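Novice: So the chains spell out like this:
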Amino acid sequence: MTLKSIIWHELRSRPASVICNSLAILLGVAALVAIRHVTVHSEQEISQQLADLGANILILPKDTTLQDYYAADQNGATLPEEYVAEIYLAGLTGVEQISPRLNIEADLGDLAVTLTGILPQSDLKAQSAWQTTMLFSAPKEHEGCQQAHINDSADLVAPESLVLNRAIQNLDPHELILGADIAERTSYAVGDKAVIAGEEFTILGLLPPTGTVDDSRVFAHLHTVQELAGNGPVCNAIEVIGCCEDAAGDLVPALRDLLPEAKVVTIAQIVNTQVGVNQLMANTSWFILGVLIVVGGLSLATAIAANVRERRREIGTLMALGATPRFVQSLFLGKAIVLGLCAGTVGCMIGIVTAIVAGPAWAGVTVSVLPATAGLSILIATLVAIASAWWPSRQAARLDPCTCFQEV
Amino acid sequence: MMRLENVLKQYSRRGHTVDAFRCDALTIGDGEYIAIVGPSGSGKSTCLSLLGGMLSPTQGRVCLNDISIYDQTVPVRSALRSQWMGFVFQTFNLVPYLSALQNVQVPLALLKRPAAEQVDRATALLERFGLADRLHHRPAELSVGQQQRVALARTLVNDPRIILADEPTGNLDPESRELVLSALDSAHREGRSIVMVTHDPLVASRATRRLTLREGRVIDADVSAAPIKHRQSA
Numbered sequence: 001m002t003l004k005s006i007i008w009h010e011l012r013s014r015p016a017s018v019i020c021n022s023l024a025i026l027l028g029v030a031a032l033v034a035i036r037h038v039t040v041h042s043e044q045e046i047s048q049q050l051a052d053l054g055a056n057i058l059i060l061p062k063d064t065t066l067q068d069y070y071a072a073d074q075n076g077a078t079l080p081e082e083y084v085a086e087i088y089l090a091g092l093t094g095v096e097q098i099s100p101r102l103n104i105e106a107d108l109g110d111l112a113v114t115l116t117g118i119l120p121q122s123d124l125k126a127q128s129a130w131q132t133t134m135l136f137s138a139p140k141e142h143e144g145c146q147q148a149h150i151n152d153s154a155d156l157v158a159p160e161s162l163v164l165n166r167a168i169q170n171l172d173p174h175e176l177i178l179g180a181d182i183a184e185r186t187s188y189a190v191g192d193k194a195v196i197a198g199e200e201f202t203i204l205g206l207l208p209p210t211g212t213v214d215d216s217r218v219f220a221h222l223h224t225v226q227e228l229a230g231n232g233p234v235c236n237a238i239e240v241i242g243c244c245e246d247a248a249g250d251l252v253p254a255l256r257d258l259l260p261e262a263k264v265v266t267i268a269q270i271v272n273t274q275v276g277v278n279q280l281m282a283n284t285s286w287f288i289l290g291v292l293i294v295v296g297g298l299s300l301a302t303a304i305a306a307n308v309r310e311r312r313r314e315i316g317t318l319m320a321l322g323a324t325p326r327f328v329q330s331l332f333l334g335k336a337i338v339l340g341l342c343a344g345t346v347g348c349m350i351g352i353v354t355a356i357v358a359g360p361a362w363a364g365v366t367v368s369v370l371p372a373t374a375g376l377s378i379l380i381a382t383l384v385a386i387a388s389a390w391w392p393s394r395q396a397a398r399l400d401p402c403t404c405f406q407e408v
Numbered sequence: 001m002m003r004l005e006n007v008l009k010q011y012s013r014r015g016h017t018v019d020a021f022r023c024d025a026l027t028i029g030d031g032e033y034i035a036i037v038g039p040s041g042s043g044k045s046t047c048l049s050l051l052g053g054m055l056s057p058t059q060g061r062v063c064l065n066d067i068s069i070y071d072q073t074v075p076v077r078s079a080l081r082s083q084w085m086g087f088v089f090q091t092f093n094l095v096p097y098l099s100a101l102q103n104v105q106v107p108l109a110l111l112k113r114p115a116a117e118q119v120d121r122a123t124a125l126l127e128r129f130g131l132a133d134r135l136h137h138r139p140a141e142l143s144v145g146q147q148q149r150v151a152l153a154r155t156l157v158n159d160p161r162i163i164l165a166d167e168p169t170g171n172l173d174p175e176s177r178e179l180v181l182s183a184l185d186s187a188h189r190e191g192r193s194i195v196m197v198t199h200d201p202l203v204a205s206r207a208t209r210r211l212t213l214r215e216g217r218v219i220d221a222d223v224s225a226a227p228i229k230h231r232q233s234a
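So the protein sequences, as listed, match chains A and B.
Residue numbering for the first sequence follows this note's numbering, beginning at 1 and increasing consecutively.
Residue numbering for the second sequence follows this note's numbering, beginning at 1 and increasing consecutively.
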């Protein structure tokens with residue numbers, strides 16, 4: 001029999017009380033851990049997007065609102081394809097690539113898919129050739145640009161360049177490129193024939209997984225998709241890739257002047273919405289931390305104080321048997337530590353599971369366990385429990401054993 | 001062994017001060033068996049608490065082996081209780097969530113004795129009190145008499161030199177009462193000092209000395225012949 005075993009037996013004798021006493025801390029930790037996990041992974045996702053697409057600019061219909069760069073062309077509204085030529089003809093400094101996109105819904109066999117029309121770089125060059133002789137053959141470079149050019153045709157030959165460079169060199173009107181999810185679900189191989197929207201296509205390539213909406217898309221030539229859509233030469237978005245972020249900064253005002261009827265946004269502006277959501281979630285996590293400390297702490301302090309009151313006779317008996325005030329205080333502080341640790345651990349586990357399950361739905365991110373966050377939340381729960389039990393346990397240690405027997 | 005010198009305990013209630021217990025001199029020798037009797041409110045329990053180091057006197061000294069216990073710190077008083085004293089309560093005061101065995105182990109746990117020693121000594125005492133088949137029962141699963149026997153085992157487990165008993169038979173049936181009194185007699189024969197508060201003249205007659213209290217004062221300190229006879233016959 002030790003102090004620990006006395007605490008353990010007391011806790012075991014009142015399981016319902018243990019759960020009720022630690023519920024506020026448990027829920028607080030669960031909410032804190034879930035929100036922190038989602039927020040941290042969302043921030044990492046944004047950082048990755050910024051790193052991957054830092055110099056990219058999107059040209060969209062004026063009224064478009066968007067929160068996801070990769071889904072920016074799924075807005076339904078359209079732009080004239082001639083904007084592409086206007087950008088060419090303007091000869092803006094730092095333009096690396098121009099990639100218009102048009103989406104329609106179509107059936108690939110029995111599977112409903114998003115068919116995305118893209119314009120291969122070879123067609124862009126052909127367009128520029130009859131419109132002007134100055135573009136692409138002698139692109140204007142940005143002086144501060146340190147990033148290697150990626151519109152070299154050798155880099156864009158393989159279908160995978162659609163993932164790596166968001167452009168492809170060649171794509172015939174009746175060729176398809178399948179996103180990773182579609183490829184997996186349909187089991188098509190390169191060279192297979194596939195019927196989509198009533199027309200037969202040849203599978204040119206299968207894209208590797210990207211973790212974006214591109215995984216569930218089928219890519220075809222822009223002009224083919226325009227014919228299937230029947231809305232003329234339009235696109236949902238035009239992606240302009242700058243040679244570096246400095247160039248992108250100068251390009252945006254130039255493009256706005258050039259295309260006043262369109263919305264010109266950078267990746268930073270697009271992720272700004274998600275940054276705002278993340279900030280809100282970060283603030284919420286601080287609020288939850290406050291709730292955990294105040295409500296959880298008060299709840300546990302009240303429970304421990306009530307426990308001291310109802311165990312006055314036991315405290316008096318232990319003191320009569322020779323228990324020191326320190327022993328009596330340790331009895332209640334120890335109980336609080338166990339409650340804090342258990343509530344923190346269980347709350348942490350619930351929070352992690354919630355984040356893993358709900359993370360993709362809440363913020364479109366895949367969540368993995370953050371050991372530091374988990375450990376810190378358990379530590380906070382334990383410290384809150386100790387702090388909240390300090391005063392009632394001190395009162396217990398100061399009890400007069402004689403009054404313990406008289407008043408009960 | 002224990003000595004009260006000019007002890008006064010006063011309680012203040014609603015601006016009035018009440019002398020709960022006053023004693024100019026009282027000595028409890030080694031192996032004495034003292035019964036404290038008197039009507040309710042006469043200061044019996046106050047006297048017992050003062051002797052037990054649980055209630056500081058308003059004035060005077062309470063000495064255990066010439067150590068003034070109220071001049072010591074609270075932890076030292078706790079240690080003195082743990083090493084020298086054993087308490088028997090009228091309502092047993094067993095810890096409800098611990099088994100009989102664990103309840104008896106508690107005083108040894110407070111002395112930080114090894115677990116094996118705790119179990120061995122507690123088991124031996126419970127077997128001595130006829131509770132070998134109730135070791136792992138909780139107090140709520142024991143009869144009143146069994147609970148008091150567990151409480152007695154708890155009192156004796158740390159081998160105290162003085163036993164302070166507050167109405168130890170107050171809640172018991174005749175059979176259990178006799179068992180408890182026999183245990184106290186046995187402890188007395190082993191050389192322990194016993195101070196017992198009781199209302200019952202028959203119970204008091206088992207003691208070697210009787211202190212009668214009235215309105216907080218010792219009005220009679222009788223060395224009874226009967227208990228001596230009882231002791232001799234035991």
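Check each hint, because a few of them may be wrong.
[Stated by the list, open to error] Okay, derived cross-link-like pairs now, DMTMM-like style, lysine to aspartate or glutamate, Cα gap no bigger than 25 Å in a straight line:
id	chain 1	residue 1	chain 2	residue 2
1	A	LYS4	B	GLU32
2	A	LYS4	B	ASP120
3	B	LYS112	A	ASP250
4	A	LYS4	B	GLU117
Hints are computed from structural coordinates only; laboratory data are not their basis.
Note that the structure is predicted; figures quoted are calculated from it, not measured.
Novice: Compare the structure with each hint and give your call.
Specialist: Verification of the hints:
no.: 1; hint: A:LYS4 x B:GLU32; result: violated (38 Å)
no.: 2; hint: A:LYS4 x B:ASP120; result: holds (20 Å)
no.: 3; hint: B:LYS112 x A:ASP250; result: violated (78 Å)
no.: 4; hint: A:LYS4 x B:GLU117; result: holds (18 Å)
Violated hints for the displayed structure, listed by number in ascending order: 1, 3.
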